[in-house]
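Peer 1: Here is what each chain is made of, one letter per residue.
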Amino acid sequence: GAGVSQSPSNKVTEKGKDVELRCDPISGHTALYWYRQRLGQGLEFLIYFQGNSAPDKSGLPSDRFSAERTGESVSTLTIQRTQQEDSAVYLCASSLEGGRVFDEQFFGPGTRLTVL
Amino acid sequence: AQKITQTQPGMFVQEKEAVTLDCTYDTSDQSYGLFWYKQPSSGEMIFLIYQGSYDEQNATEGRYSLNFQKARKSANLVISASQLGDSAMYFCAMREGSGAGSYQLTFGKGTKLSVIP
Chain A
1 GAGVSQSPSN
11 KVTEKGKDVE
21 LRCDPISGHT
31 ALYWYRQRLG
41 QGLEFLIYFQ
51 GNSAPDKSGL
61 PSDRFSAERT
71 GESVSTLTIQ
81 RTQQEDSAVY
91 LCASSLEGGR
101 VFDEQFFGPG
111 TRLTVL
Chain B
117 AQKITQTQPG
127 MFVQEKEAVT
137 LDCTYDTSDQ
147 SYGLFWYKQP
157 SSGEMIFLIY
167 QGSYDEQNAT
177 EGRYSLNFQK
187 ARKSANLVIS
197 ASQLGDSAMY
207 FCAMREGSGA
217 GSYQLTFGKG
227 TKLSVIP
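Note that the protein sequences, when read in sequence, are chains A and B. Residues 1 to 116 (the working numbering) make up the first sequence, in order. Residues 117 to 233 (the working numbering) make up the second sequence, in order.
For reference, chain A alone in the conformation it holds in the complex (with noise of 0.2 Å):
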């Protein structure tokens, strides 16, 4: 069955402009999380998506930054007016529920954000 997809791989974009980042969760996966995590680091929470409750955006670090997910599906990253502190690699997770301890969340591969 298909994992957790993100895209684009790769974004190398100049500081000032917007990207949008992608996230495709497995299939019945009702939870969704957002990560960063910069080099040589380990991950930071941004957000969390939860059916239809509202998201958790307590890890989100500034204003900037900002994202939607379409019912159980498809989730957008959006980070405005981008900053050489924001390069990173995103990670974007799944799991089935998110309301219990023992959920085990599902990695995609990432997308590594490169601001010039």
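Hints should not be assumed to be uniformly reliable.
[Unchecked claim] Partial pick of chain A residues on the chain B-facing surface, computed with a CB cut under 7 Å:
| # | residue |
| --- | --- |
| 1 | 45 |
| 2 | 104 |
| 3 | 107 |
| 4 | 109 |
| 5 | 110 |
[Stated by the list, open to error] Listing some non-contacts, in silico: residues in chain B with all C-beta distances to chain A over 12 Å:
| # | residue |
| --- | --- |
| 6 | 122 |
| 7 | 129 |
| 8 | 159 |
| 9 | 183 |
| 10 | 185 |
| 11 | 187 |
| 12 | 189 |
[Stated by the list, open to error] Derived pair list, reagent style EDC-like, types lysine to aspartate or glutamate, alpha-carbon separation capped at 16 Å:
| # | chain 1 | residue 1 | chain 2 | residue 2 |
| --- | --- | --- | --- | --- |
| 13 | B | 119 | A | 44 |
| 14 | B | 228 | B | 160 |
| 15 | B | 189 | B | 145 |
| 16 | B | 225 | A | 44 |
| 17 | B | 119 | B | 131 |
| 18 | B | 189 | B | 138 |
Calculated from the structure, these hints are not laboratory results. Idealized CB from N, CA, C, for every residue including glycine.
Once you've looked at the hints, dock chain B against the given chain A.
Peer 2: Positioned in the frame of chain A, the structure of chain B alone reads:
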């Protein structure tokens, strides 16, 4: 304070030997879960093993086992019979079971494991 601490930035192990990767955590929740993920150079995150706070026995998955010491708040990963393909970054993560953000994973900074032939 760091919620997940991995004190070993890098580790070396001889092929076929066992290795222990350290992880300590900090939480006041009674219900929580601890996870280990492997990240090869290709970048994908691969789930390895899970330990719940109420699990009485240490988790095992094939060559991976988790040495869970609740009183010491440690959850060390043990890899037995190391293979060259085990060379990767290893991340310890925690999910707390109550309160705000109870669904997100909090990750440590990782340990880079290199297996020597």
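Peer 1: Run every hint past the structure and note whether it holds.
Peer 2: To see whether the hints hold, each was checked on the structure:
The interface hint given for residue 45 of chain A holds, since its Cβ lies 4 Å from the closest Cβ of chain B, which is under the 7 Å cut-off. Interface restraint check: residue 104 of chain A against chain B, minimum CB-CB distance 6 Å, threshold 7 Å, status holds. Given hint, residue 107 of chain A at the interface with chain B, holds; its Cβ is 4 Å from that chain's nearest Cβ, closer than 7 Å. For residue 109 of chain A, the shortest C-beta to C-beta distance to chain B is roughly 5 Å, which falls under 7 Å, so the interface hint holds.
The beta carbon of residue 110 of chain A is positioned within 7 Å of a beta carbon in chain B (closest approach about 5 Å), and the interface hint is therefore held. Here residue 122 of chain B does not stay apart from chain A, with its beta-carbon only about 8 Å from theirs, under the 12 Å limit. Non-interface status of residue 129 of chain B relative to chain A is upheld: no Cβ of that chain comes within 12 Å, the nearest being about 21 Å off. Against chain A, the non-interface label of residue 159 of chain B is violated: not every CB pair exceeds 12 Å, the least being about 5 Å.
In this structure residue 183 of chain B is separated from chain A by more than 12 Å, as the shortest Cβ-Cβ distance comes to about 19 Å. Separation of residue 185 of chain B from chain A is adequate, the least Cβ-Cβ distance of about 19 Å exceeding the 12 Å criterion. Against the 12 Å criterion, residue 187 of chain B stays outside the reach of chain A, whose nearest CB is about 20 Å from its own CB. Every CB of chain A lies more than 12 Å from the CB of residue 189 of chain B, the least distance being 16 Å, so the non-interface label holds.
For the suggested pair residue 119 of chain B and residue 44 of chain A, the alpha carbons sit about 12 Å apart, so the restraint of at most 16 Å is met. Among the hinted pairs, residue 228 of chain B with residue 160 of chain B is consistent with the structure: their alpha-carbon atoms are about 15 Å apart, no more than 16 Å. With a C-alpha separation of about 12 Å, the suggested pairing of residue 189 of chain B with residue 145 of chain B holds against the 16 Å cut-off. Only pairs whose Cα atoms come within 16 Å are accepted, and residue 225 of chain B paired with residue 44 of chain A is accepted, the gap being roughly 10 Å.
A distance of roughly 32 Å separates the Cα atoms of residue 119 of chain B and residue 131 of chain B; the hinted pair therefore is violated under the 16 Å criterion. Under the criterion of a C-alpha separation no larger than 16 Å, the hint pairing residue 189 of chain B with residue 138 of chain B is consistent with the structure, at around 11 Å.
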